[in-house]
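Put chain B on the given structure of chain A with help from the hints.
These protein sequence lines are chains A and B, in that order. Just so we're aligned: 165 in full-length UniProt numbering is position 165 of the first sequence, and the numbers increase by one with no gaps anywhere. Just so we're aligned: 55 in full-length UniProt numbering is position 55 of the second sequence, and the numbers increase by one with no gaps anywhere.
Derived from the structure by calculation, the hints contain no laboratory data. Idealized CB from N, CA, C, for every residue including glycine. Warning: the hint list may mix true and false statements.
What the hints assert, rightly or not - The following label-pair restraints were derived from C-beta to C-beta distances:
(1) B:Gly61 x A:Gln179: 31 to 37 Å
(2) A:Ser42 x B:Pro42: 51 to 57 Å
(3) A:Leu44 x B:Gly147: 24 to 30 Å
(4) B:Ser174 x A:Glu121: 35 to 41 Å
(5) B:Arg111 x A:Leu184: 33 to 39 Å
(6) A:Ser39 x B:Arg111: 27 to 33 Å
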Amino acid sequence: MAEEEVKVFRTWSSPFPLRVIWALKLKGVEFDTVYEDLSNKSPLLLQYNPVHKKVPVLLHNGKPICESLVILEYVDETWKQFPLLPQDPHERAKARFWAKFGDDKVFQSIVYGILFKQGKEQEEEIPRAMEILQHLEEELKGKKFFGGEKIGLVDLALGWLAYYLGIIEEVIGLKLIDQEKFPLLLQWIQEFSTAPIIQENWPPRDKLIAKFAASREAALARGLK
Amino acid sequence: MAEEVILLDFWSSPFGMRVRIALAEKGVKYEYREEDLRNKSPLLLQMNPVHKKIPVLIHNGKPICESLIAVQYVDEVWKDKSPLLPSDPYLRAQARFWADFIDKKIYDIGRKIWTTKGDEQEAAKKEFIEALKLLEGELGNKPYFGGESMGYVDVALIPFYSWFYAYETCGNFSIEPECPVLIAWAKRCLQKESVSKSLPDPQKVYEFVLVLKKKFGIE
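With the rest of the complex left out, here is chain A:
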């Protein structure tokens, strides 16, 4: 069989391409990385993702796949070792549900509702965020990872929390989760962020803090317009 060409278009900081990188590395798939500067997108990125013009893009033997959760399912179907989704249809539906919940609710609340807001608006979002995170706490009952004994699709989808939440807490100067209310989530954060492969691929912490602080400033300035 001809050499497989696998390329991931990413930025150094975005958590969404990280999902794809984790999936490929967990499955032992060799790939090349193309770093994008989103303020100056490459012609290739625009060619491969004309609809959204975003990262990540996975290029497999010249064919592009876009949207990180779509890419994760593609990766899982193409490289069968280290399966990310369970076999049972109802379990698969539950995994997809929580992955979507992570993007629609968790990310929205913590990044757009808290990091990018201040004062009363931010204050009001916090109890909503706690309610949202409480669902994750419940889902972890009796499990080491969201995927059970091993890392699965939901862990990869929510994985950004395990590193970026701490960074966001530092940038806004507020602790969002504590041992008393979120013991399981904190345990998962510890297990996931230090797991082999995951541990080696986090972007540099201080650079991320600086970047998130700058993004917050920019968002607040836009909000005041």
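Chain B alone, transformed into the frame defined by chain A:
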């Protein structure tokens, strides 16, 4: 083996329609239960505690929430008839991409058309047509997004056709001159019983939108 399939739904929900169509395509017998969204049933709250939304598919007592997730579930469980997702992983990824695009664009932009006016409404109408044109591009000259037969993307999109009349009337514009290929596709889908029996009368949807507008104080 006794299979129990229940769908908690609301007649005008395009998301509920997706699941109705999928079940009909597969020939699955199920119990349709209309929810009063101002007075949600204990079963709905129990089966979808996180979002408390319809549609919820309940199969032998186990809930599946989120319409596209339910459609994929139906496709996986009743796999011997009318496959909705293709078997090739790349084509599956393309189908998922476009279904996700529909989720990100059509409902929210459509909603803006009937809930806003002036410049905001004009911008929403423009964005809406642009999104439909992108979808037309993806359809190309295939009879369905799924190729020769209806597939995942067809099921994801066709329910919104029942809302087009409401969008057009509230927004004072016409979709067909801008997207004739898409409208032809929609009419082709409506030839199928699985679709025609799952979609409400567009006039009724429009009347429902008028009730909502009054309720929310939108002119």
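Here is what the structure says about each hint:
no. : hint                            : result
1   : B:Gly61 x A:Gln179: 31 to 37 Å  : holds (36 Å)
2   : A:Ser42 x B:Pro42: 51 to 57 Å   : holds (54 Å)
3   : A:Leu44 x B:Gly147: 24 to 30 Å  : holds (29 Å)
4   : B:Ser174 x A:Glu121: 35 to 41 Å : holds (40 Å)
5   : B:Arg111 x A:Leu184: 33 to 39 Å : holds (37 Å)
6   : A:Ser39 x B:Arg111: 27 to 33 Å  : holds (31 Å)
Violated hints for the displayed structure: none, as all numbered hints are satisfied.
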